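**Q** Here's the letter readout for the chains.
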Amino acid sequence: MDRDTELELIERLRDGDATAFDAVYEAFNRPLYTFLVRLSRHRDVADDLLEETWLRLVKHARRLRPDTRLGPWLFTVARNLYVSYLRSRLLEDSAMNGLLVLWPFSVERSSPFDAASASELERRIERALASIPVASREVLLLVCMAGLDPSDAADVCGVTPEALRQRLRRARVALARALDDEGRVLDPVLREVTP
Amino acid sequence: MTDPLFRMLTTLPSVEPDAARSERVRMRCRAALASPSTALRASRPAERRPRSGSQVWPLVAMLGVAYFAEVMRQAVSLYAIQ
Numbered sequence: 001m002d003r004d005t006e007l008e009l010i011e012r013l014r015d016g017d018a019t020a021f022d023a024v025y026e027a028f029n030r031p032l033y034t035f036l037v038r039l040s041r042h043r044d045v046a047d048d049l050l051e052e053t054w055l056r057l058v059k060h061a062r063r064l065r066p067d068t069r070l071g072p073w074l075f076t077v078a079r080n081l082y083v084s085y086l087r088s089r090l091l092e093d094s095a096m097n098g099l100l101v102l103w104p105f106s107v108e109r110s111s112p113f114d115a116a117s118a119s120e121l122e123r124r125i126e127r128a129l130a131s132i133p134v135a136s137r138e139v140l141l142l143v144c145m146a147g148l149d150p151s152d153a154a155d156v157c158g159v160t161p162e163a164l165r166q167r168l169r170r171a172r173v174a175l176a177r178a179l180d181d182e183g184r185v186l187d188p189v190l191r192e193v194t195p
Numbered sequence: 001m002t003d004p005l006f007r008m009l010t011t012l013p014s015v016e017p018d019a020a021r022s023e024r025v026r027m028r029c030r031a032a033l034a035s036p037s038t039a040l041r042a043s044r045p046a047e048r049r050p051r052s053g054s055q056v057w058p059l060v061a062m063l064g065v066a067y068f069a070e071v072m073r074q075a076v077s078l079y080a081i082q
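First to last, the protein sequences are chains S and G.
Reminder that position 153 of the first sequence reads as 153 in the numbering used here, one-by-one numbering, no gaps.
Reminder that position 47 of the second sequence reads as 47 in the numbering used here, one-by-one numbering, no gaps.
No lab work stands behind these hints, which were simulated from the structure alone.
Heads up, a few of these hints could be off.
Far from chain G, some chain S residues (derived; all Cβ distances over 10 Å) [stated by the list, open to error]: (1) Leu50; (2) Asn80; (3) Ser84; (4) Gly158.
A short, non-exhaustive set of chain G residues, derived as facing chain S with CB atoms under 7 Å [as the list claims (entries may be wrong)]: (5) Pro17; (6) Val25; (7) Ala32; (8) Arg73; (9) Tyr79.
Treat the numbers as computed from the prediction; the structure is a model and nothing was measured.
C-beta: ideal position from N, C-alpha, C; glycine also.
Please model the entire structure based on the sequences and the hints provided.
**A** This is how it looks when you write it as structure tokens:
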């Protein structure tokens, strides 16, 4: 979504235009959901937080600043809702590592072999991503997957751009280590069962 | 994004929300946008519930006092206290 379109949508949202809301919803619903599912690792939690995020937008639509940037605004709300959820439930992040479930993704595969191999790689990445701390995971999700600029991601996380760059470096190290651990566990097993 | 590790993350597919629920949320938000006061009430259903509970408490307290008074009356008559 280019900036001019975004500014126009914000103007219309401020006027209570439902079609403008539809356009924003269409553009951000899936990225927000992907972010929340991978951050929380629970579909039901992500569903609830996503709904609350959209209700917050509607509630604040008429008070949005004309120069609001919708992406960072929505991801900030979603992220803050998740933090509130964590606080209220006192969830221990590390306790849930083994419970990662892979969901059926609607992605076209070229062949059954491609599907199987891509699925295995994806599983490794998903498990590695799920095993790193939330603070690292959210940075990777915002920058690498949601496509936010590092400065926008810094705003979403409420840290300075320099602190975000440090977090990103730490997240990279943590992810590489987790992938390495995944490989150590799986590769000997795969070597045993394949000629 | 030149880092191969970060590029690998971008290959992960996005996750599709439940279509039926998404549609319900969209319609609810559209309705709320059209009527902000309705939206406020719709997003805060829990805030209205304590009212009905607060109306019950005086009745419970009255019944409690009546029960306690009757127990005392029975006790006094049982032990024939003048």
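**Q** Taking the hints in turn, state whether each one holds.
**A** A quick look at each hint next to the structure:
1. Leu50: The claim breaks: S/Leu50 does not keep its Cβ more than 10 Å from every Cβ of chain G (closest is about 7 Å).
2. Asn80: holds, 16 Å
3. Ser84: About 15 Å separates S/Ser84 from the closest Cβ of chain G, which puts it past 10 Å; holds.
4. Gly158: holds, 22 Å
5. Pro17: Hint holds; G/Pro17 Cβ to chain S Cβ min 4 Å, cut 7 Å.
6. Val25: holds, 5 Å
7. Ala32: holds, 5 Å
8. Arg73: Given a least distance of 48 Å, the restraint on G/Arg73 is violated.
9. Tyr79: violated, 54 Å
Comparing the model with each numbered hint stated earlier shows that hints 1, 8, 9 do not hold.
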